[in-house]
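A.B. asks: Chains A and B are the protein sequences, given in the same order.
Mapping of the first sequence onto full-length UniProt numbering: position 33 corresponds to residue 33, and the numbering continues sequentially without gaps.
Mapping of the second sequence onto full-length UniProt numbering: position 257 corresponds to residue 257, and the numbering continues sequentially without gaps.
No lab work stands behind these hints: they were computed from the structure.
Errors might be hidden in some of the hints.
Over 10 Å on every C-beta distance to chain A, these chain B residues come out as not near it, computed from the model [to be verified]:
| no. | residue |
| --- | --- |
| 1 | Leu-126 |
| 2 | Asp-147 |
| 3 | Leu-207 |
| 4 | Val-211 |
| 5 | Ala-366 |
| 6 | Thr-383 |
| 7 | Ile-384 |
| 8 | Phe-385 |
| 9 | Glu-399 |
| 10 | Val-419 |
| 11 | Arg-459 |
| 12 | Trp-487 |
| 13 | Phe-582 |
| 14 | Ala-638 |
| 15 | Ile-671 |
| 16 | Lys-771 |
Pairs of lysine-lysine residues, derived as DSS-like cross-links and limited to a Cα-Cα distance of at most 30 Å, are as follows [said to hold, decoys possible]:
| no. | chain 1 | residue 1 | chain 2 | residue 2 |
| --- | --- | --- | --- | --- |
| 17 | A | Lys-76 | A | Lys-208 |
| 18 | A | Lys-352 | B | Lys-352 |
| 19 | A | Lys-352 | B | Lys-331 |
| 20 | B | Lys-745 | A | Lys-771 |
| 21 | B | Lys-745 | A | Lys-745 |
| 22 | A | Lys-745 | B | Lys-771 |
| 23 | A | Lys-745 | B | Lys-695 |
| 24 | B | Lys-352 | A | Lys-133 |
| 25 | B | Lys-200 | A | Lys-745 |
| 26 | A | Lys-200 | B | Lys-745 |
| 27 | B | Lys-745 | A | Lys-660 |
| 28 | A | Lys-660 | B | Lys-660 |
| 29 | A | Lys-695 | B | Lys-745 |
| 30 | A | Lys-745 | A | Lys-660 |
| 31 | A | Lys-331 | B | Lys-352 |
Residues of chain B clear of chain A, computed beta-carbon distances all greater than 10 Å [claimed, not checked]:
| no. | residue |
| --- | --- |
| 32 | Leu-155 |
| 33 | Val-164 |
| 34 | Val-370 |
| 35 | Val-390 |
| 36 | Leu-472 |
We put the CB at the ideal spot given by N, CA and C, even for glycine.
Number of protein chains: 2
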Amino acid sequence: MANNITKKVSWSGEGTPLLNGAEERRYSGEPSGGSMFHIGRMSTVDLEEESTPEEQDPMRLRPSVIPHNEKLLSLKYESLDYDNLENQLFLEEERRMGHMSFRCLEICRWFICGLIGFLTGLIACLIDILVEKLAGAKYGVIKKYIDKFTEAGGLSISMILWAVLNLAFIMVGAIIVAFIEPVAAGSGIPQIKCYLNGVKIPRVVRLKTLVMKVFGVILSVAGGLAVGKEGPMIHSGAVVAAGVSQGRSTSLKKDLKIFEYFRRDTEKRDFVSAGAAAGVSAAFGAPVGGVLFSLEEGASFWNQMLTWRIFFASMISTFTLNFFMSIYNGKLGELSNPGLINFGRFESESVKYNLYEIPLFIIMGAVGGVLGAVFNTINYWLTIFRIRYVHQRCLQVMEAMLVAAVSATVSFTMIYFSVDCQPLKNDSQEEYPLQLFCADGEYNAMATAFFNTPERSVRSLFHSPPGTYNLLTLGLFTLTYFFLACWTYGLTVSAGVFIPSLLIGAAWGRLFGIMLGFFPTTNNLWADPGKYALMGAAAQLGGIVRMTLSLTVILVEATGNVTYGLPIMLVLMTAKIVGDYFIEGLYDIHIRLQSVPFLHWEAPATSHWLTAREVMSSPVTYFNRVEKVGTIVDILSATSTNHNGFPVVVQAGAIDEPRKLCGLILRSQLIVLLKHKVFVERVRSGLCKRRLQLKDFRDAYPRFPPIQSIHVSQDERECMMDLTEFMNPTPYTVPEETSLPRVFKLFRALGLRHLVVVDDQNRVTGLVTRKDLARYHMGKHGLEELGLTHP
Amino acid sequence: MANNITKKVSWSGEGTPLLNGAEERRYSGEPSGGSMFHIGRMSTVDLEEESTPEEQDPMRLRPSVIPHNEKLLSLKYESLDYDNLENQLFLEEERRMGHMSFRCLEICRWFICGLIGFLTGLIACLIDILVEKLAGAKYGVIKKYIDKFTEAGGLSISMILWAVLNLAFIMVGAIIVAFIEPVAAGSGIPQIKCYLNGVKIPRVVRLKTLVMKVFGVILSVAGGLAVGKEGPMIHSGAVVAAGVSQGRSTSLKKDLKIFEYFRRDTEKRDFVSAGAAAGVSAAFGAPVGGVLFSLEEGASFWNQMLTWRIFFASMISTFTLNFFMSIYNGKLGELSNPGLINFGRFESESVKYNLYEIPLFIIMGAVGGVLGAVFNTINYWLTIFRIRYVHQRCLQVMEAMLVAAVSATVSFTMIYFSVDCQPLKNDSQEEYPLQLFCADGEYNAMATAFFNTPERSVRSLFHSPPGTYNLLTLGLFTLTYFFLACWTYGLTVSAGVFIPSLLIGAAWGRLFGIMLGFFPTTNNLWADPGKYALMGAAAQLGGIVRMTLSLTVILVEATGNVTYGLPIMLVLMTAKIVGDYFIEGLYDIHIRLQSVPFLHWEAPATSHWLTAREVMSSPVTYFNRVEKVGTIVDILSATSTNHNGFPVVVQAGAIDEPRKLCGLILRSQLIVLLKHKVFVERVRSGLCKRRLQLKDFRDAYPRFPPIQSIHVSQDERECMMDLTEFMNPTPYTVPEETSLPRVFKLFRALGLRHLVVVDDQNRVTGLVTRKDLARYHMGKHGLEELGLTHP
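With these hints in hand, go ahead and build the complete structure from the sequences.
C.D. replies: Structure, rendered in C-alpha cells:
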C-alpha cells in the first residue's frame, strides 16, 4: 500500500492539455505481424512511475490527513458479467429451446424465489429465537444476581458477571468471524450493495459465510453490543439466494444437477436481489420495503417480471417468519398478531399529528442529518484507524472484546448512578425490570434502556406511556449509546447498524418530545412522546444510512401504521439532504474505504469533458480468431496484467489490411477451453473428439481455476485454438469520441464488464472496464481522478 | 384499413428459410455515387404486395373473428427520444457548465417536482370538491322528489328526473371530449403508459387535454356513470408535469423563458413520471404507491435520484390535497384525520386474520382473476365493435348518453324492486338514505350502493357493520354493476376504471364474506364481511388491471392499515396469474387495439432465432456529412417514407472506398436547420452569420413544423449543408449478427429511438426502430410478426 501512486488532475476549465495527454496514450496501431500487444493498463502505471510521485501529486506534499487508499481504486476486485455472453453455444441452446422450455424456466425461477423466501424466513426465525433465548438466559442470571446483591452491597460481583458473560459471547463471535470467515464481519449490506452493483467480493455469498454470519450475529446481539441483527439477516438472505439458485454448494461438495441454466452472473444476481429483499422482509416484517431496498440499493435496469419475483420472495419470507413465530408464541396461525410487528403497532387513536408539527418533524430530520453525519465522520476516522493499525486477527478479536467490556461497564455504571425510578406496571414492555436502589414496586428506568436487547429498548421507547423516562436518563442514554454504537460498527463481529441507529434516534426523539411538553399548549398537543421517538429514530437512521423511499416503507411496515408515512418521508428526506451536505452515507463510506470500484447511478455531472478515448485502457491485449495456444497461455499467465476480457480480431483480406473487431472472449472461457484442450490440431488427429458444450462452462462456474493450475505441454503450445464458437460475436462498442456520461450510461444500464472502443474502421483502440469509469468522481473541487492500485 | 397486409410466420423450429429470406432484403451496398437510398421500410411492403395477400396470410382465408388491426402496428405513432442527443452543440454547452450550474439544475428539478405535486394536489382537490358538490346537489334534488312521491305513487317522475339529470351531465361531458379533445377520453392511463414507454401520443400532454379531462371527469362521475375519477387524476398529473417542466404553454401562447434546459424528451419524461406518481398519490392518498405505479408502468432505467424526486412530488401532492381537504372539511391542519383516507381506515382491532383464511383469500384472488378476464374479454369485443362502428362523434356522444340513461334506469329499477330494508342508524356511512317502501326509521340498502358516488359505495361496503346488506342485494348489485362498468369503460367520456372495479369486487367480496358466515365456526371467525369486501375489491381490480406491487401499496395506503398487506399481495398475485392465463390486462388490451408499437419489458422468449439483420429496415436513407440542401428537402418531403432518423456517413479517402458511419441526425434537427437556412455557401457569402445554437432547437421543441411549411428556393437547393455540428457523432451501433433479445435490451434499457446496424467495416446496413422490435410478440403458437400499416 505504501508505494501506490495517486494522481489528481484539476478539471476546472482547461481540457485541452488533458486531451493532448490522452492522445499520447492512444493505440499506435502497429501493423507488424505480432498477434497481440501485452501492455494494457500497465502503460498508465509505467508512465506515472517515470516521474517521481511528488511531482505528480500535489496532495502528497502537504501533510494530508486523508489516507492514500481513499484516492485509489483497488484492482483486486473483479467484476461480474451482468451482460449475457451470447456466444454461438448460448444462441444454439436458446434456439433449441421451445416455448414450453422457457415457461418451465420461468416457473423454476418462481419456485426458487419461493424457496429463497422460505429459507430466509426460517433463518430469520432461528436468529430471532436463539437471540431471545440466549439474551433471556443471560439477563435472567444477571438480574438474579443483581436482585440478590443489591442489598448486600456486592454489586461489583454482578457487574463482573455481566462483563464476563458478554466477553465470552463476543470472544466466540469475534473469533469465528476473524479466523474462519472475515467477510462475515459487519452488516454485510455494503458487500451486497457491491455485489448487486457488479463487483465480485470474494467469498461473500458462500455457505460458510452464511453459517458464520448467523452464529456471529446471535453471539453479538446476545453479547450485549450496541448492534442489531437486521443487516446480517439481509446478507443471509442474499447467501441463501446465491446458494439455492445454483443448485449446488462447493463448500458441501454437493451438486444437485438442477438449475444449471441459472449458473451465470446475470441470473444469479437476480436471485441475490430477491434474497436481499427477503432478508429485509424477514428482518423488519416489511415485504414491500424489502423490494424497494433491493431496487434502491442494487437494481439498475427495472424489470417488471423480476420485481414481481422479488416481491414474491419477500412475501413468502415474511409469511414463513410470521407463521413460525406465531407457533413459537403459542398463537398458531394468528398471522396478524400485533406481536409480530417488529416495533410494536402504533394504534390509530394515539397517532394523530397536526400541520403545526410538520416544521418540528423537519427540524428533527435536520438534527438527525447532523447527528448522522457526526456518527459517520467518527466512524470514518475509526475505520481508517482500523485499516492502518488493526490488521491482525488477534488484535481484532481483542478490540471486539474491549468494546464488549466497555459496553457492559458503561451500561452498568449508567444504571448504577441512575436515579430515575418508575412505578412498576403490569402491562409495561420490560421483561427484566431492575429494582436496584429504587423503592419496592418501582424499577430503574435507565436499566430498561440498557438491560434489554436493542429491539426491545426501541419498542419501549416508542410505546411506553409518557413519563416512563425522565430527561436525564434519555440524554445520558443517547450520549453513551451514540458513542458505543459508533465504536462498535466496523468491529470484526457480525452485526448491523440499523437497530442501534433507531435506538439512538428514538432516545433523543423521545427527549425532544418530552421537552416540547414544557411549552404550554391548549389541547395537550405533545401528549405522546412515542410519536417523537419514532420520528427521531427515522431521522437518525436516515442520517446514517441515507435511504429514503425504502426506509419509509420499511418503517411504515415495521410499525404497522401508515398514518405516519408522510411525516416519516419528510424526516428522512430532510435527514438525507442535511447529511449529504457533510459526508456520504455510512455504507458508501465503507465501500469507498475498501477502494471498491463502485459505479454510482450517473456519471459525475461535469464529466462531459472526457471521452472514451481518455478513459479507456489502451493498447489492448487481443487475440486472433484462431490463436496459438502458447500465446494464449503466455498472456493469461502474465502476472503484470490480469485482464479478464480480450477482444478477438480478424484480418479480413490481405496481410496489410487492418484487423477488425469480431468478438470478445473472457479469461474464464479461455481457461475452460485450455482445460478441455479444445485445440484445432488435436481435434484433427482424433485426440479430442468431444465437442465443448455450454455445460462445461457452467460446471466450472463460478470458480474457474487459475491458469497456473492448467498444464499445457510444449507440443500443445504449438497447436491452434479456434475461438469463433466461444467468443461473444456481438460485443457492445462505442466510438472513441463518445462522451464519458454516454459510456457510463451504456455500461451501467446494461451491467457491462467490458466495453470495446473502436475507431471508424471498426478496429479495436481501447477497452473500457468498470475501473476506468469508477475512477472519476465528484470531489469537493470538481471532478477527481482516482489512481489504481494492485492489491 | 381494408388493404392492410398481415404477415404471419410460424417460427417453430425451422429458422433457415427465414434467414435466407432475410438475406434477400440485405443492403446490396451499391458503390455508385448516389448519395442516398430512399426505399426504407417500403421495400418489405413491396415484396409482400407482389404476391396476393391470401397466399401470404392463412389467417385471412378462414372467417377470422379477430379483426385485422390487431395484427398490425400503426405507423402513425412516432417515438420519443429518451436517449440524449449528444451533438457538438450539446457537448459544448455541457462543458461550459460548471459544477454550480449542474447543482442549480438539480435544485430546479426538485423545485419543479414540488410544483408538479402542488398543482396536481390542487387539481385533485378541485375534482373532489366539485364532484361532491355536483353529485350532492343531484342526489339531494332526486331524494327530495322520491321522498315526496313514493307515497303518492308518482315514482316515474323521480325516475325521469334522475335519468334526465344524468343525461344532461353526460351529454356535456361527452361533447367536450368527443368534439374538443378526443384524447381526453377514458382513464388516460394507457396513454400515459405509452408516453412513458416512448411512444408519442399526439396531444396527450396538452393544457387543453387537461382542462377537458378535469371537467369531463367531474361531469362523468356526477352523471352517475359507473366510473371513477382516479385514472383522469393520474393523467392530469402527467399533463401538469409536462406543462410546468417546459416553462411554457403553446395553448396559451405563453413562454416564460424558464426551464429551457429541460426542453427535450429525456427530461420531460422524467417529469411526466413524477406527474403520474403525483396523480396516483392525490387520487388514493398513496405517495409510495404513486412512485411504484410510475415505476411499474413506465420506467425502464431505475435512477435513484429520479426516484427520489418522483417521491418528493408524490409527497407534496398528498400533502397539498390533505391540507386543502382538511380546510374544506373544517378541520384545518388535521392531516391525519381519518376522513382523508380514501376508503376509510380499517381499525386494527377488527382486521385480524388467521392462517385458515389464507386459502380463502387465494380463492378470492382466483375468482377475481377469472371475473377480471371476463370483464376484459367483454370490453375487448366491445372496443372492437366501437372501433368498427362507432367512429362518428355524434354516435359516440349518443352512446354515452344511452349508457347514462340505461345506468339510471337500471339503478332505479333495482332500487325499486329491492326489498332489503335496514334500520337507519345515525353513524352510518350513507349520506342519502332512501326510505322508499321501507318502514319508517328504515332505509333501502340497495339504494346505498347505487344512490351514491362510487367512492362512497366502496367505503360503505368496506365499513358498514355486518347485516347492512343482504345476499340478494349484493348479488344483483354485483351483476348489474359489472356489466354497466364494462359497457362504460371505453366510452367517449373522461373516466377511470379503478373505482368501478373496486366496487364490483367489494360487492362480491362482501357477498362471499356473508356466505362464509353460514358455516358454523366456534369463534365467530367470519364476523366481519368488510374484510372480505376489501379482498374482493383487490382481487377484482387486480384481475382487471394486473398490477401487483404498486396496487398492494396503493390499497394499503388507501385503507390506512398495513396488516392486510400480506393477504392483499397474495390476492393480487393470484388474480394476476389466473387472469394472465386467459387474457391480458385491460390497459394492455387497449394499447394493443390502438396498434401502438409498445415495447414490453423483454424480447419474446423464443426470439433468439432473429438477428438485427432480419429485424432492421434496409436499405437505409442516409446523408453525407456535407449534403446538398435539395437532397435533404426531397427526402424529408417524400410522403412514402416518413423517416425520422438518418445515419450520416463520410467517405474516408478515395471515391471507391466504403462510406463509414459517422453520426445520426433527426428529422426535427434538419427541419430547424432548414428553417434557419444554415447553409455553407450562404455563410460564406455573409448572408447568415448567426451561428445556430441549442436554444434554436429548444425553441422549436416539441412541435417542429412540417417540411412543407419551409420554403426553400431553387438557389438554396444548390447550397450545401454541413451536418457535423448537429448530428449525434456517437450513435449506438450493433453488428448485423446481434440477436433480437440483445438488440431489444439495448433499445429498451437506454430508451433509444434509432439503432444503427453496421457491418464489420462500420458501414451502415440497416436501422432498427421501435416498430421493428414491437412487431415481434408472443402469440398463442409461438412468435408472431405483426404487419405495419400506414394511418
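A.B. asks: Each hint: holds or not?
C.D. replies: Here's how the hints hold up against the structure:
1. Leu-126: The claim stands: B:Leu-126 keeps its Cβ more than 10 Å from every Cβ of chain A (closest is about 21 Å).
2. Asp-147: 37 Å, holds
3. Leu-207: It holds; B:Leu-207 is separated from chain A by about 29 Å at its closest Cβ, greater than 10 Å.
4. Val-211: Fine: 29 Å to the nearest Cβ keeps B:Val-211 off the interface.
5. Ala-366: 16 Å, holds
6. Thr-383: Per Cβ check, B:Thr-383 is outside 10 Å of chain A; nearest 24 Å; holds.
7. Ile-384: 27 Å, holds
8. Phe-385: Answer for B:Phe-385: holds, closest chain A Cβ roughly 31 Å.
9. Glu-399: Holds: least Cβ distance 34 Å, greater than 10 Å.
10. Val-419: 37 Å, holds
11. Arg-459: 17 Å, holds
12. Trp-487: 30 Å, holds
13. Phe-582: 16 Å, holds
14. Ala-638: 29 Å, holds
15. Ile-671: 24 Å, holds
16. Lys-771: 22 Å, holds
17. A:Lys-76 x A:Lys-208: Holds, because 22 Å separates the two Cα atoms, which is no more than 30 Å.
18. A:Lys-352 x B:Lys-352: 22 Å, holds
19. A:Lys-352 x B:Lys-331: Answer holds: A:Lys-352 to B:Lys-331 is near 13 Å, not above 30 Å.
20. B:Lys-745 x A:Lys-771: 24 Å, holds
21. B:Lys-745 x A:Lys-745: Since the Cα atoms of B:Lys-745 and A:Lys-745 sit roughly 13 Å apart, the hinted pair holds (cutoff 30 Å).
22. A:Lys-745 x B:Lys-771: Holds - the C-alpha atoms of B:Lys-771 and A:Lys-745 are around 24 Å apart, at most 30 Å.
23. A:Lys-745 x B:Lys-695: 25 Å, holds
24. B:Lys-352 x A:Lys-133: 28 Å, holds
25. B:Lys-200 x A:Lys-745: 23 Å, holds
26. A:Lys-200 x B:Lys-745: 23 Å, holds
27. B:Lys-745 x A:Lys-660: 25 Å, holds
28. A:Lys-660 x B:Lys-660: 14 Å, holds
29. A:Lys-695 x B:Lys-745: Judged against 30 Å, a Cα distance of about 25 Å means the pair holds.
30. A:Lys-745 x A:Lys-660: Since the Cα atoms of A:Lys-745 and A:Lys-660 sit roughly 25 Å apart, the hinted pair holds (cutoff 30 Å).
31. A:Lys-331 x B:Lys-352: With a Cα-Cα distance of about 13 Å, the restraint between A:Lys-331 and B:Lys-352 holds, given a limit of 30 Å.
32. Leu-155: 43 Å, holds
33. Val-164: 42 Å, holds
34. Val-370: 20 Å, holds
35. Val-390: Holds: least Cβ distance 33 Å, greater than 10 Å.
36. Leu-472: At about 32 Å from chain A, B:Leu-472 clears the 10 Å cut-off, so the statement holds.
No hint from the list above goes unmet by this structure.
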